[in-house]
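Going line by line, the protein sequences match chains A and B. Just so we're aligned: the first sequence equals residues 51 to 333 in the working numbering. Just so we're aligned: the second sequence equals residues 51 to 333 in the working numbering.
Honestly, I wouldn't trust all of these hints.
The list makes no distinction among identical chains, and a pair is therefore deemed to hold if it is satisfied within one copy or across any two copies.
[Stated by the list, open to error] Calculated pairs, DMTMM-like style, for lysine to aspartate or glutamate (alpha carbon to alpha carbon, straight line, at most 20 Å):
no.: 1; residue 1: K74; residue 2: E112
no.: 2; residue 1: K74; residue 2: E86
no.: 3; residue 1: K282; residue 2: D314
no.: 4; residue 1: K282; residue 2: D60
no.: 5; residue 1: K282; residue 2: E61
no.: 6; residue 1: K282; residue 2: E319
no.: 7; residue 1: K74; residue 2: D141
no.: 8; residue 1: K74; residue 2: E105
no.: 9; residue 1: K282; residue 2: E106
no.: 10; residue 1: K282; residue 2: E113
Quick caveat, the hints were computed from the structure, so don't treat them as lab data.
2 protein chains.
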Amino acid sequence: MCPAAVNHGDERGYIIPIGGGEDKNTHPVILQRFVELAGGRDANIVVFPTASRLEETGTLYEEIFTKLGARDASSIPISTRADCNNPEFADRCSQASGIFLTGGNQLRLSTILGGTEVAQMIRRKNAAGTPVAGTSAGASIMSEHMMAGGESDQGPSEGGVVLAPGLGLTNAAVIDQHFSQRNRLGRLLSAVSLNPFLLGMGIDEDTAAFIDPHGVVEVIGSGTVTIVDGSKMSYTSAHSAAFNQGLGMIGLKLDILDEGCHYDLNMREAFPPTENDHRVCSI
Amino acid sequence: MCPAAVNHGDERGYIIPIGGGEDKNTHPVILQRFVELAGGRDANIVVFPTASRLEETGTLYEEIFTKLGARDASSIPISTRADCNNPEFADRCSQASGIFLTGGNQLRLSTILGGTEVAQMIRRKNAAGTPVAGTSAGASIMSEHMMAGGESDQGPSEGGVVLAPGLGLTNAAVIDQHFSQRNRLGRLLSAVSLNPFLLGMGIDEDTAAFIDPHGVVEVIGSGTVTIVDGSKMSYTSAHSAAFNQGLGMIGLKLDILDEGCHYDLNMREAFPPTENDHRVCSI
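With the sequences and hints as input, model every part of the structure.
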């Protein structure tokens, strides 16, 4: 599903996929930045713990966001498709100044929220300017084409990835998480091989891609964001390889972005940290 | 160490790094091709089992090469630096039409053979036209800058790779093996970050890079050869990152080559299989 259209005079809200395992205590820079984007002391944050099977997940994030200065943070206990018909939930979501999707299993998010009024509300809210952040499964669900599963710990291969329709807050990239920690470049490459119009975005733990209204990513956190651009690929064996066979792919562009790097999703171009980040170009 | 100089009128022999786990029975295409390059029915192959601690390694390859049609195949039992002074060994090596380095631990190869007459003999023989193949550790040792160790299963990181001087049959690339199987792209990227003049070459199991006298690689086998080219990298955090921190690297070129693909190490350019390989460019 394409992102919801932005109405005249509006500006799309930030989209903030987080690679899971974000620091919640010592240096919670990612969650702090999200609270600020949601309005800081005026923030009214709604948490969807739907991806998680743990009772305490919603409460945990309510406490964190309140501690980080949000005026209000409340979780919406949706765990079945029937829950999505509760008009109170859509109403609470409509008033949010920030929306957060917890980790868990992204197929719970897509199968429970998919096609409901709540999903539409999240999409419309984002198109109207409300920032939406999600960690782990909550990051993957943001894509139009969602990384639903696949093999970690192997190179790109035929059948090595399972895609499913996601929430479609962005259609620029397919998003994977726990990326370096779980060795997922292979399955990200498998996804890109299927149709190189897709950018592959792999986000490490404790790392986030803050995607601004113009489609420019800023990387924040202790790890890296890996971008695979297959648009200049001159050859792939993806259409002829046997199941599980390793894929040939010639002409991929690979950018690995650490904190302070930017990436323009429209131009497909990466930028190093500015001098204010106390880094310089080394080459 | 740079490759030994090629004398006027000579042509360098093939260099054939194999990613380990090559098929030895059902479809031994890699070892068969090596035997053919070594002279086929006239081949006189010398096997160095030095990297291995297993008694039977040398004998195993003697039997395989004989079965594949070599006239003679004998292993040279070097397991200490003192063994390298045995004039008989250098003499046998000097008569070889093909040289094979088994798997094991590449640091055994570099610490036992390094700087000896036997190492010089292998280098000079290759410069004079003798093909040298090596699998697993025997592949890594071929580089001037040898992948000696490092973390598998993580992204590129500061301190994530250990290099050591190798045999120096090629200085075009640092070679890693068991590549997809052991998730070694991270450490290969770490190696490239240290000095992007190096190409990174990661070879899967049952896969070989046949490097011809002109520096053109042909990929043979059931897996892929991954080439990382950092020469156009516009930014890396490698000089400023803390130990174990993930590295930023902008502008890497990534080619993943399956069977029949070629790669020109001098031009740094990849080529898909030709039509004779029954493949076509898909994009």
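Intra- versus inter-subunit Cα pairing at 20 Å for K74 with E86: within (15 Å within a copy, 61 Å between copies)
Intra- versus inter-subunit Cα pairing at 20 Å for K74 with D141: Answer is neither; intra-copy 28 Å and inter-copy 66 Å both fail.
Within, between, both or neither: K282, D60 at alpha-carbon 20 Å: neither (34 Å within a copy, 39 Å between copies)
Intra- versus inter-copy proximity for E112 and K74 (alpha-carbon distance at most 20 Å): within (12 Å within a copy, 59 Å between copies)
Alpha-carbon proximity context of K282 and E319, limit 20 Å: Answer is both: 13 Å inside a copy and 14 Å across each meet the 20 Å cutoff.
Copy assignment of K282 with D314, given that the CA separation must stay at most 20 Å: both (16 Å within a copy, 19 Å between copies)
Up to 20 Å CA-CA - E105 versus K74, copy category: within (18 Å within a copy, 54 Å between copies)
Same-copy or cross-copy closeness of K282 to E113 [CA-CA at most 20 Å]: neither (46 Å within a copy, 46 Å between copies)
Homo-oligomer pair classification [E106, K282; C-alpha up to 20 Å]: Classified as neither; 45 Å inside a copy, 48 Å across copies.
Homo-oligomer pair classification [E61, K282; C-alpha up to 20 Å]: The answer is neither: 31 Å in one copy and 36 Å across copies each exceed 20 Å.
In the structure shown, a violation is registered for the earlier hints numbered 4, 5, 7, 9 and 10, in ascending order.
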